[in-house]
Every structure is written in C-alpha cells, then in structure tokens.
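Trainee: Fit chain B to the known structure of chain A by using the hints.
Here's the letter readout for the chains.
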Amino acid sequence: MTHHVLPMPITEAQVRELRAGDTVTLEETLFGIRDATQIHMFDRGRRTKFDLNGHAVVHTAPNLRKVERSGTNHSGYEAVCVGTTTSDRMERFTRPLMEREGVRIIIGKGGLREGSLDAFRDLGGAYLAVVGGAAALETTWIEAVEDVDLDDLNPESLYKFRIKGFGPLLVAMDAHGGSLYATVNAEAARRRQAVLEKLGAA
Amino acid sequence: MTLMTKPGVEPLRVEPEAIEEAAKLLYIRACKILPDDIKAGFARLDGSETDATAKTILATMIENIGVAERMDNLLCQDTGIPIFNVFVGRNVQVDGWALKQAIAAGTARATREHPLRSSVVHPITRQNEHTSCGERVPVINIDFTDAERELRIEMIPKGSGSENGSFLQMLIPADGVAAVKRFVVDRVIQAGGKVCPPTIVGVGVGGTSDLCMHLAKIAATRPLGSRCADKEGERLEQELSDAVNALGIGPQGLGGDSTAFAVHVETAATHITMNPVAVNIQCHSARRASATFTPDGIRIGF
Chain A
1 MTHHVLPMPI TEAQVRELRA GDTVTLEETL FGIRDATQIH MFDRGRRTKF DLNGHAVVHT
61 APNLRKVERS GTNHSGYEAV CVGTTTSDRM ERFTRPLMER EGVRIIIGKG GLREGSLDAF
121 RDLGGAYLAV VGGAAALETT WIEAVEDVDL DDLNPESLYK FRIKGFGPLL VAMDAHGGSL
181 YATVNAEAAR RRQAVLEKLG AA
Chain B
1001 MTLMTKPGVE PLRVEPEAIE EAAKLLYIRA CKILPDDIKA GFARLDGSET DATAKTILAT
1061 MIENIGVAER MDNLLCQDTG IPIFNVFVGR NVQVDGWALK QAIAAGTARA TREHPLRSSV
1121 VHPITRQNEH TSCGERVPVI NIDFTDAERE LRIEMIPKGS GSENGSFLQM LIPADGVAAV
1181 KRFVVDRVIQ AGGKVCPPTI VGVGVGGTSD LCMHLAKIAA TRPLGSRCAD KEGERLEQEL
1241 SDAVNALGIG PQGLGGDSTA FAVHVETAAT HITMNPVAVN IQCHSARRAS ATFTPDGIRI
1301 GF
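If you read the sequences in order, they're chains A and B.
To convert, note that position 192 of the first sequence is 192 in the numbering used here; the numbers rise steadily by one, no gaps.
To convert, note that position 118 of the second sequence is 1118 in the numbering used here; the numbers rise steadily by one, no gaps.
In isolation and in its complexed conformation, chain A is listed as follows (with noise of 0.2 Å):
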C-alpha cells in the first residue's frame, strides 16, 4: 500500500500508478460536481468554461455563504460546509466526464459500478474514497472556492475549490480492474446463505 500526494492536474501514466488499496492526498485544485451538474452538461449539452482535463472531480454540493468578488476569489463564495454525496446516482456519467472533458479522478461514496471501472480501466482513471457524513472535517481541506460555473443550478453548480491536503483518500477503484466494492459486494453475497439459515429464512 503506497500514499500518494498528487498536485492536480495529473497524467494518465500518474493515475494509472493508483492501486486499489493505495493512499493518496489531493493538493491545489479540486472541481466539485453533482446529479444535476451531470444532467444539463451531458443530457442537455451544455459546456463549462473549466478545462477538467487531468484533474479530479468530487461528487459534492457544498453549503455557501455569499461574499463579494476580490482577489483570486472569482466565485462570490465561501465555503461554510463541503461534503460528499453518494456517487452511484452518477454512475452513468463516468465515461462522458472522462472522454469529453478528460477528467482522470472521481472522488465519492459509495462506489461506481462495472461501466466506470470499464472507462477506468480504457481510459486511464481512478475513484478515491472519501468518508461520506465527515464533512465538517473535509471542510478543513478547502481554502477557497476560487469560481464558479452553471450557477443557475446552485447548490448543485460546478465549482473550482482551491484545496490543501484533501485527504487522505482510499483508493477504491483502480485502472487495473481492482474495485474494493466489487470485493466486499462478492463477499457479503457468499455470506448471504449463511446469515439466511441462522435466521431460518433460506
């Protein structure tokens, strides 16, 4: 098991080094994305202004707090809690995130299923576990929301958060074919039959 510290963006040959099992801490920059970020960038073709090429994407909608526009602050925002949603409800997303805006690592809960472990695995990708409900610590992890894109669809826009140490995060699924769910699901459905019979229910 190896801990990995990557400054965003990566290249495919650094994600591809990711195995499932691995560590790794996030630095500088983190895009924050959602159900309806997906929904109106995919189903209904709108486009952001962010190059997502080579960087890591986070299943989240945060609460904000209005501020005003300065400095590197491009947003109008700041961060009063950022956490991270249950990743399955995207999972149709994966491969699209991946081929058209070259997006290389999903941060969520939960898991993805065989299709984003299929584009994982074809075009060079990884999904990094964050404990789900711990969000006023993974709050700590974010300095800034430096901007903004679909606003329209606030909470659930796309955000560029500034980040410093955003992790450590379990490698869940790999570019290898390694997914930690895929084990765990195999093994409580072995289990299943067992549990069954002590209940008299088989």
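Any given hint could be a false lead.
[Stated by the list, open to error] Think about it this way: if two alpha-carbon atoms lie no more than 25 Å apart in a straight line, the pair counts; the simulated DMTMM-like pairs of lysine to aspartate or glutamate are:
1. B/Lys1055 to A/Asp22
2. A/Lys198 to B/Glu1239
3. B/Lys1032 to A/Glu143
[As the list claims (entries may be wrong)] These stretches of chain A come out as covered by chain B in the derived footprint (C-beta under 8 Å, 3 or more residues):
4. 106-112
5. 172-184
[Unchecked claim] Some chain A residues well away from chain B (every beta-carbon gap over 12 Å; in silico):
6. Gly45
7. Asn53
8. Pro96
9. Asp118
Don't read these hints as lab results, they were simulated from the structure.
Backbone N, C-alpha and C define an ideal beta-carbon position, used for all residues, glycine too.
Mentor: Below, chain B alone, put in the same frame as chain A:
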C-alpha cells in the same frame, strides 16, 4: 350541550413565535451536534471492529463529530429533507394551522440566516426555492401523547443517501416472517455502501403500505438503545442486527463488521391478506434535535 373547555385547569399555551424560533434552532442544532446515544454507538462499534480499514473509517467519523462541535459547523453537507415530529400532550392549546406555518417559517429562516444549503426542489421542474421548503415540505407528523401539559417537537434532517435506501414490499401471509427477514437482509446487501454505513436499519412490519413505510422511518430515527414495544418485534431486532452485521459490508461499504449500529423494528396490526414489510435506512450521521415545551419553559435536547 357538551362542555368545550375543562374548568379549573390552565392549559399549556404555545405561541407560534416560540415554535418558529424552536424550528429554526432545532434545524441548525440537529445539523451540528450528534445525539449522545449515537456517539455511544460509535464508541461501541469502534471497540468491536476487527477490520483495519473499517477502524480507520470509524476513527475519521468520530474525529468529524469533534471537528463539527469545535468549529460550530455542520456534521454533513447534506441538510436533508427537514422532518418535524410534533407530539401534543394532554391539556395543550395550540393553533394547529399556525403551528404548521411557524415550522415552515423557522425552517426557511434557518436556511437563509445560517445559511444552510437548501436541498429541497420541486419534484418535476427540480426548481429550488432556497428555503428548504416546498409543497408538503417540511414533512410534519403530528401525534398525541399522554404527557400532561407538554408539547414536544422533534427535528430530523433526513439525509438523502440513506433515504434513497427505502424499500417496500407487500408480501403475503404465505410468505411468512421468513420472507420479512430475507427482505431486510437482501435490501441491506443491495444498499451496500450507498447509504453511508454504519446505519440504523429501520424496519416496518404490518399496517398498510403507507403506514408500513412510516413505521420503518420511526424505527430508523429512534434513539439507539430503545426497543420495539412489541415483543415479537423486539426479538426480530436482535436477530436482524446480528444478521446484517455478519454480511461484512462494513463502514462505507468498504468491508468490516460495523454495517449497522442496530436494526430497529416497528410493528402495526395488518389485514388477514397482507404481510407488508418496509425498510428505511438512517446513515451514521443519525441527526436529531428536540424542543420540549412545558409550563416551566423550553427544554432543548435530542
């Protein structure tokens, strides 16, 4: 003619302004401070967990509880669907319509004034009013209790990751209780890490379809350590708690012993042709806050 007021006893009167203030306070407090029974639940799981990754994840969750309290921040970014359970005791006088308006007003004020993320949208247009309110939301459940001159308001910001782990099946009598147990185990497997384990698995058994799901919600949001009032239901709780924690799903669905703090069961009588079962899941950020109005004042708790 019947008497419309009882002579000699002064009823507890609760003004809408007090309810609005309480609703605002409770929504914010619930988002920030986890109840003591849930904290104790974390300590128990941390003590018994044998998987190394699972222990690390539990430690992060416990650390987060401390960070939220120290920094006066939200435990989780998901402000949920606001649910208010109102328990009206005996000899309480309250304008029911004004109470509903006050709860919505307090919810909207918490959202704007804190500010909190409004997680509530129109179901078809997906329009967000940025008030955490909308048609029939906040969800307000009103029940009556035998507590003398007491009005209790319980607030639950119900997170969506776990709320999406809701399942109902209208089983039939010939399926028996075995099918009820199988349903619970299979839905916990299906939910996996998506519902933010360790969870409280709420199970409704009996009633009508809507009551059955409501029972599951009551079960999922009950304090840890509480037991089903029905003896058969209580037995199911223990059996099913052991069962789901033998599946190896673990915290966040990444493996381990700590899949659920507990399985809670609530029961209701049902029809001779019916055997309904429902599952509603509460995530590890099992948030609650309550305000109890009595003639002595307002008590804030969980």
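Trainee: Determine for every hint whether it applies to the structure shown.
Mentor: Hints, one by one, checked against the model:
{"no.": "1", "hint": "B/Lys1055 to A/Asp22", "in the structure": "holds (16 Å)"}
{"no.": "2", "hint": "A/Lys198 to B/Glu1239", "in the structure": "holds (9 Å)"}
{"no.": "3", "hint": "B/Lys1032 to A/Glu143", "in the structure": "holds (21 Å)"}
{"no.": "4", "hint": "106-112", "in the structure": "holds (count 3)"}
{"no.": "5", "hint": "172-184", "in the structure": "holds (count 5)"}
{"no.": "6", "hint": "Gly45", "in the structure": "holds (17 Å)"}
{"no.": "7", "hint": "Asn53", "in the structure": "holds (27 Å)"}
{"no.": "8", "hint": "Pro96", "in the structure": "holds (20 Å)"}
{"no.": "9", "hint": "Asp118", "in the structure": "holds (19 Å)"}
In this structure, none of the earlier numbered hints is contradicted; all agree with it.
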